[in-house]
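The primary structure of each chain is shown beneath.
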Amino acid sequence: MTRDTHRLILLFSLLAALFITTYASLFIGSAKHINPLVMEYRYTRVIEVVLAGLVLGVSGAYLQSALRNPLVDHYILGIGSGALFSVYIFILFSSIYYLILPFIAIVGGLTALFLTITIAEIIGGSDISYVLAGIGVNSLFAGLAHLLSYLILVKNPYALYLLAGGFTLASPDYKIPLIISTIIVLATYPFLAKPLNALLLGDELVYQIGYNPRHYRLLAIITAGIFSSVIVSYFGLIGFIGLVSPHISRFLLRTGDNRFVIPLSGIVSALLLLITDDLARSVFVNIGIGEVPAGSIVAVIGAPFFLFLILSRYRGVLH
Amino acid sequence: MIRIKKLRVRYKYVDAVRDVTLEIPVGKITCIIGPNGAGKTTLLRSISKIVKFDGEIYLDGLEVSKTPLKTISKILSYSTSVYLPDLLSLKVIEVLKIARYPVSKRFFETKRDLEVILRTAKEFKIDGFLEKKLSELSSGELQRVILAMSVIKDPKYLLLDEPDSHVDVSNKAELINILKKLVVSKTIVLTTHDVLFASIIGDYFVLMNNGRVVFVGDRKEFFENNKVLEETYGTRFYDVKLGGVLVMVPLYVLEKYGNS
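Chains as they are written, first to last, in numbering that gives the first Met the number 0: chain P, 0 to 318; chain L, 0 to 259.
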């Protein structure tokens, strides 16, 4: 059908835009005699921003479809702060953490996710109950992480960067784990796209499409939970990007069909994060403020969008 | 043919369905009737492998509990009302595509899939609003979309859970026409609260009460045995001939005012 062809064209144009922006982020504004070390750092950072963006965007689309809830992402469900809290605990009590840090984050992230889902289901399971349960769990772990941050200051001051979330800490060590994470997340897409579409219809009908809803929901949620926790362990709390990207994608595509929404959400998220990080890295530095965390810029743009979503969703209901 | 042997379904500590043995004939409209909580929906859900059950159910000789969902989803459709959150709401065309997944072989729909979708949409008179969101449809429109979804994969069996709920009187007539047309090529099993509606379209009747089947029979037997119907519902029923068709009318109105 021609509509689907249009959607594919849109998908590939935004992919091209991502490549162009990546190229521009690497080379625009660099003097000829740039220090090779700076160039190498910039290269690492830009690649890692794109990979993190892909993972967070796809995870957001997974979470929203699997939970049939337009208001969630890894941040709102508490995965982010859960992961951050466990990372902080670990840093406090151990000194060798480079390799296992992501795994520690996964434990914390999935624990928080499990808590949020359990509470949300107990209080009714509606989309708003997920947000409310998420707020509770999120505040708890974020509060704990803030408390711990004072103790951590002595041990590893860099860990403080994780609170606001940003890519200043980009390191060549992260590249391989991030590439592996991205590949795994993208590899689940062909298996999950159609079942996630079916999940939107509600469990009873999913059986009739030939899928067991529980298996696919679990697979999608766990995938999103695991790999967004990995991102948190490296770059900290980057909220709202996983929430906004699927919505932008649905708006641009004029469809909720996950076969298009999931990949586009990954691309949109990577593109947005990259632009945000470019701003954080260059613009604010040039006007003399110094580098600001990309996570805060995303939150400043993302939070109003989230409020807008809630307003447009409930304007008719809550008079 | 659907054969059910000693079916039992437990929800927590209660048996929703127990000791049900029954055969549902092919090429007919079978109406499952009974009061609220009788186990009608659970029976349909067991046949569709949505709930776990004890006992045996055979679909054309395939034992349901041992047959993968993928296979079952090709030969039967179970349909019930759909609720979709606004912001994620799918368009009519999209849900029709999803309903076609069990028989669609590629990742994206083939030309043939799209042809079938459009043809079915025309048949059910929903082709005028394919780009509308499900949440924007009237209940009559939504009911037609749900029926179209259930036939779009061309299954042999259609299991419809209360297809007449939320349907007003004018759309009920339309629904009866659609079902009569469908039963030419398919086997339909439906549940309903409305005995009058069932008696208009049913070829075969299953009456349930408290999780058990209390009566099974064709039209003739159904009208001969209105005693068991009256006992089950605690209401009197009269068979009335309307336009040459015998129908069953509950007399709850008369009873209420007649006694006082």
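The hints are simulated quantities; they were obtained by calculation from the structure and are not laboratory data. Some hints could be false.
As the list claims (entries may be wrong) - Computed from the model, here is a short list of chain L residues facing chain P with C-beta under 7 Å:
| # | residue |
| --- | --- |
| 1 | Leu87 |
| 2 | Ile97 |
| 3 | Pro101 |
| 4 | Val102 |
To be verified - Which chain L residues stay away from chain P? Per the calculated CB distances, all over 12 Å, these:
| # | residue |
| --- | --- |
| 5 | Pro34 |
| 6 | Lys48 |
| 7 | Glu130 |
| 8 | Leu250 |
Heads up, the beta-carbon is just placed ideally off N, CA and C, and yes, glycines get one too.
key: Hints the structure fails to honour   = As far as the earlier hints go, 4, 6, 7 are violated by this structure, in ascending order.
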